[in-house]
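Enquirer: Given next are the chains, with one letter for each unit.
2 protein chains.
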Amino acid sequence: MAKNMLIGQSGGPTAAINASLAGAVQAAMQADGIAEIYGSFNGLEGVLRRHIIDLRAALKTPEDFELLKATPAMALGSCRLRLAAQPDEKYRKILETFRAYGIGCFFYIGGNDSMDSVRKLHDYFRAAGEDIRVVGIPKTIDNDLPCTDHTPGFPSAAKFVATSVAEIACDSFVYDRPSVTIAEIMGRNAGWLTAASVLSREAAFGAPHLIYLPESDFDPERFLADVRRLLGEVRNVIVAVAEGIRLRDGRYVSEASQSGVADAFGHKDLAGAGKWLERLVRREIGCKVRSVELNVLQRSAAHLCSDVDIREAQGVGAAAVRLALAGHSGVMATISRSASEPYAVSYGHVPVGLVANQVRNVPREWITPEGGDVTGEMLAYLRPLVQGENPFFFLHGVPRLFRFARNYVHPGRKAALSQ
Amino acid sequence: MAKNMLIGQSGGPTAAINASLAGAVQAAMQADGIAEIYGSFNGLEGVLRRHIIDLRAALKTPEDFELLKATPAMALGSCRLRLAAQPDEKYRKILETFRAYGIGCFFYIGGNDSMDSVRKLHDYFRAAGEDIRVVGIPKTIDNDLPCTDHTPGFPSAAKFVATSVAEIACDSFVYDRPSVTIAEIMGRNAGWLTAASVLSREAAFGAPHLIYLPESDFDPERFLADVRRLLGEVRNVIVAVAEGIRLRDGRYVSEASQSGVADAFGHKDLAGAGKWLERLVRREIGCKVRSVELNVLQRSAAHLCSDVDIREAQGVGAAAVRLALAGHSGVMATISRSASEPYAVSYGHVPVGLVANQVRNVPREWITPEGGDVTGEMLAYLRPLVQGENPFFFLHGVPRLFRFARNYVHPGRKAALSQ
Chain A
1 MAKNMLIGQS GGPTAAINAS LAGAVQAAMQ ADGIAEIYGS FNGLEGVLRR
51 HIIDLRAALK TPEDFELLKA TPAMALGSCR LRLAAQPDEK YRKILETFRA
101 YGIGCFFYIG GNDSMDSVRK LHDYFRAAGE DIRVVGIPKT IDNDLPCTDH
151 TPGFPSAAKF VATSVAEIAC DSFVYDRPSV TIAEIMGRNA GWLTAASVLS
201 REAAFGAPHL IYLPESDFDP ERFLADVRRL LGEVRNVIVA VAEGIRLRDG
251 RYVSEASQSG VADAFGHKDL AGAGKWLERL VRREIGCKVR SVELNVLQRS
301 AAHLCSDVDI REAQGVGAAA VRLALAGHSG VMATISRSAS EPYAVSYGHV
351 PVGLVANQVR NVPREWITPE GGDVTGEMLA YLRPLVQGEN PFFFLHGVPR
401 LFRFARNYVH PGRKAALSQ
Chain B
1 MAKNMLIGQS GGPTAAINAS LAGAVQAAMQ ADGIAEIYGS FNGLEGVLRR
51 HIIDLRAALK TPEDFELLKA TPAMALGSCR LRLAAQPDEK YRKILETFRA
101 YGIGCFFYIG GNDSMDSVRK LHDYFRAAGE DIRVVGIPKT IDNDLPCTDH
151 TPGFPSAAKF VATSVAEIAC DSFVYDRPSV TIAEIMGRNA GWLTAASVLS
201 REAAFGAPHL IYLPESDFDP ERFLADVRRL LGEVRNVIVA VAEGIRLRDG
251 RYVSEASQSG VADAFGHKDL AGAGKWLERL VRREIGCKVR SVELNVLQRS
301 AAHLCSDVDI REAQGVGAAA VRLALAGHSG VMATISRSAS EPYAVSYGHV
351 PVGLVANQVR NVPREWITPE GGDVTGEMLA YLRPLVQGEN PFFFLHGVPR
401 LFRFARNYVH PGRKAALSQ
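Heads up: the sequence lines are chains A and B, in that order. According to the numbering used here, the first sequence is numbered sequentially starting from 1. According to the numbering used here, the second sequence is numbered sequentially starting from 1.
Some hints could be false.
Pairs count within a copy or across copies, as identical chains cannot be separated in the list.
With a straight-line Cα cutoff of 30 Å, these simulated BS3-like cross-link-like pairs (lysine-lysine) come out [what the hints assert, rightly or not]:
#	residue 1	residue 2
1	288	90
2	288	93
3	90	3
4	288	60
5	90	60
6	3	288
For the record, the hints were derived by calculation from the structure and aren't laboratory data.
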């Protein structure tokens, strides 16, 4: 008997998460084993509130899928809901919804928090004797999930970071006096995205000249010495720094920057790592210096996505559907790289317990011993991921984006169809 | 007798300023009246230091020109040099350089400060009895030069702002709780670029919902009332605000934000307009709120240029060369719009004195009477400017950019050729 499926999105936005939704829905539409295809708004919150839509009706034409793939952030909305360690009222309400809609497969696209929900629901359904298969689909620009070569969303963010740093470098090269430009890149604990700035080096004639990741202690004295040396060598020094760099004592640099004094509204000064380095350079070296925070476009710039990323995001979504149909549950679909040159991947899976709440950091040996740079291994790892540009759609010069209408489906009306 | 020409770039970066350089050089290469084609590094500073290169040698292939057009910021570097009101040693050194290289035409690509240099040099050369024609080529993302329909560089910045605000809006729509997102856009005195965020409204399902320009007094009470109303109507409110918005008493909002207290490094809190509004919303409304500063990518995102802009930037560069050859001097090339639908422009010129040190603001009647939005006239003005996407070049997934080698030309060697 064909199963009804439900899919939801969770966690922080990426530019590729809708491609995974598209990939899963397309695979489900082609599968004999899937009857109804439902989407839940705002992840598990939508399951609790029964904000459920019929995705067969909402995604009709090939153009719908193409637009969806070119739309950043979660088209179905997101949530930050964490399930309790022990089954409670929320678990029961989720199961009630699943029963009402006849759900046999549940797909959850998200990061390590979301994989925690996948694990808990899988365990709960099994204990309840329900044959509901729960499969996780990875996404995060942080690239910090274990057991997968990389996470969809990261390659597009990496491409945007590399392109932006190259363009910011051009912007910094125009004046003929020594200057330091600091680009602050997302990454509280993992430095993958900051490391990706190394990809701009060929394009940007050597920039960034210094790269600092959270995985390596930040030494202000060494940083100042490196900047002084580079001011003499290249004049316009470009620095890429992760928001989460830490001093040797373990404090985030952004914590060290807190002045303890409050502004007119009573708020503390919460300058980030980039601003802190800017102030350090101004005070200790005194040259022209500015910091630029790469903003939410890092994760939402659908206009500059890696083609490899969007294809893989789709592929891993489709792989998740095949896993569920083959009887798997409590697993996350993964990407395995068999080679970098030529680049080749396949899709696999791991028990989601190996991923939930785990973090994969940049290996220490991919950072230069003295800090301030990454190694050739990192470059070789990153290069294949940013290849190609996913098509982006403009209408009259501005983006065309996709949005779901909020036509919620009442379980009584649809559930009957899947019997 | 054919004249040698010199061209330089000045002021702040744009993504289109190299297209004007390309257009002028291509037109000069095709003109009978031009012998040597020189470029000066860092504008007039390079003239003073004789950092002059041979552009016929530096730009050889059609690919060189295409790459140059797709490279942001000044490939020849920039400067912020202002000439004194009365001719001094710098004027004399500039004339000496021009004589040494046999320069008969000088082109300066820049904003209102640069047009001041064009005017002063024109006057000085005429008083000195020299037939050196000086022609200005407009550029600025601020779009604040009078006498031209718009300035090259602005349309590409507008396209980036509209696209970014749409993508940031998608990023803001994902959570199912009320929120306010404030995008701070460049523009200290002119609100053109912030106004361009209105172009994202169709793409981004109504966002930005509120738009504030420096040309209209900012009323915090009215802003809070509008935000409260919109939180009820659309839940996720997107606000576009110019960095230079002012309170009724004339103070910049960013000045009003100064707390008077200093951080650990002794620096005052210099929060911008976006951060100030963020704090205001947090204190007075208390909902989820964040501010995003659109950074230097606004002016340097060559990867997302308006095709109209790049073609016009080239066109106005070529027009400047024709103006000089026709005997004009002390003028700036301009863009005149004859119609918006279908969009049609021609190139003209004005005495540069009408532009130098002048500012063109957004007309008050293009801002809604109660503030917080722009009118249909503004939308009609903006729409044609962002049409089409200029090709951008990737190699292995990262940008390909152009850079000049610093092969300075000694005047003795080359000047002889043009005799």
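Enquirer: Does each hint fit the structure? Answer for all of them.
Expert: Here is what the structure says about each hint:
no., hint, result
1, 288 - 90, "between (55 Å within a copy, 25 Å between copies)"
2, 288 - 93, "between (58 Å within a copy, 27 Å between copies)"
3, 90 - 3, "within (23 Å within a copy, 81 Å between copies)"
4, 288 - 60, "neither (55 Å within a copy, 35 Å between copies)"
5, 90 - 60, "neither (33 Å within a copy, 69 Å between copies)"
6, 3 - 288, "neither (63 Å within a copy, 39 Å between copies)"
Checked against the numbered hints above, the structure breaks hints 4, 5, 6 and satisfies the rest.
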